[in-house]
Each structure stands twice: as C-alpha cells, then as structure tokens.
Amino acid sequence: MSNITLQAEARTEKGRKTSVLRDAGKVPAVVYGVGDEKSITVDRNQLLRAYQQAGGSTLVEVKMPDGPSEHVIIQAVQLDPLHDFITHADFRRV
Numbered sequence: 067m068s069n070i071t072l073q074a075e076a077r078t079e080k081g082r083k084t085s086v087l088r089d090a091g092k093v094p095a096v097v098y099g100v101g102d103e104k105s106i107t108v109d110r111n112q113l114l115r116a117y118q119q120a121g122g123s124t125l126v127e128v129k130m131p132d133g134p135s136e137h138v139i140i141q142a143v144q145l146d147p148l149h150d151f152i153t154h155a156d157f158r159r160v
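Residues are numbered in my numbering as their position in the sequence shown, beginning at 1, plus a constant of 66.
Hints are computed from structural coordinates only; laboratory data are not their basis. A couple of the hints might just be wrong.
What the hints assert, rightly or not - DSSO-like cross-link-like pairs, simulated, lysine-lysine; straight-line CA separation at most 27 Å:
(1) K104 to K129
(2) K104 to K92
(3) K92 to K129
(4) K83 to K129
(5) K80 to K104
(6) K80 to K92
(7) K104 to K83
(8) K129 to K80
Since we're looking at a predicted model, the values are computed, not measured.
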C-alpha cells in the first residue's frame, strides 16, 4: 500500500528528558487515533525524508517495536526555530 516506511522504537522518556533523544538524532513522536496512544521515537533523517515525500496526505507505514506495522498520516511536525530540525511529530492512525 505505502512504499514509505519508518522504523520506530518504544519511548519511555517524556517532557524535558526527550532532549537526550534529540541529541542522539532521534525524534520523539506520538501515534494516536483509534486505539491506545503510543509514544515512540523515529530516526530524524528517516522522518525528514518521509515527510518530504509524503507531506501530510500520504500514508506512511510505521514499523512498531511491539507489534505489527501501522499505517499513519503525518499529522503535524514541530520544528526547532534556530536549527530547523524536526523536534516532535504526531502520527494519526488510519
């Protein structure tokens, strides 16, 4: 269905502790919609490529760490105003 794929990892850090993830080249993200909300991290470069290809209207496959893949839409991304990096992403299940 979708040829854009992101590999996700489980995330336990919340709030200000996520800066450690960002320093390691990861982006904290949330998958929400029908079902439980999941906190994940994705690689910054993979997410940037996927967002450039998909935008906000194309399905992206997210390989979840604890189960099957999920098809999502990149609902929103937040950018760092100084460095122009993606600092957070919201994925909505389809």
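Given the hinted pair K104 and K83, is their Cα-Cα distance within 27 Å? holds, 17 Å
Does the alpha-carbon distance linking K80 and K104 stay inside the 27 Å limit? Holds: K80 and K104 sit about 12 Å apart, inside 27 Å.
Under the criterion that the straight-line Cα-Cα distance not exceed 27 Å, is the pair K129, K80 satisfied? This hinted pair holds, its Cα atoms lying about 21 Å apart.
Regarding the pair K104 and K129, is the alpha-carbon distance no greater than 27 Å? holds, 12 Å
Would you mind confirming whether the straight-line C-alpha gap from K83 to K129 stays at or under 27 Å? With a Cα-Cα distance of about 24 Å, the restraint between K83 and K129 holds, given a limit of 27 Å.
Does the structure keep K92 and K129 at a Cα separation of 27 Å or less? Cα-Cα ~15 Å, so holds.
Can the restraint linking K80 and K92 be considered satisfied, given a maximum Cα separation of 27 Å? holds, 13 Å
Need the status of pair K104, K92: alpha-carbon distance at most 27 Å? Holds, because 16 Å separates the two Cα atoms, which is no more than 27 Å.
Comparing the model with each numbered hint stated earlier shows that all of them hold.
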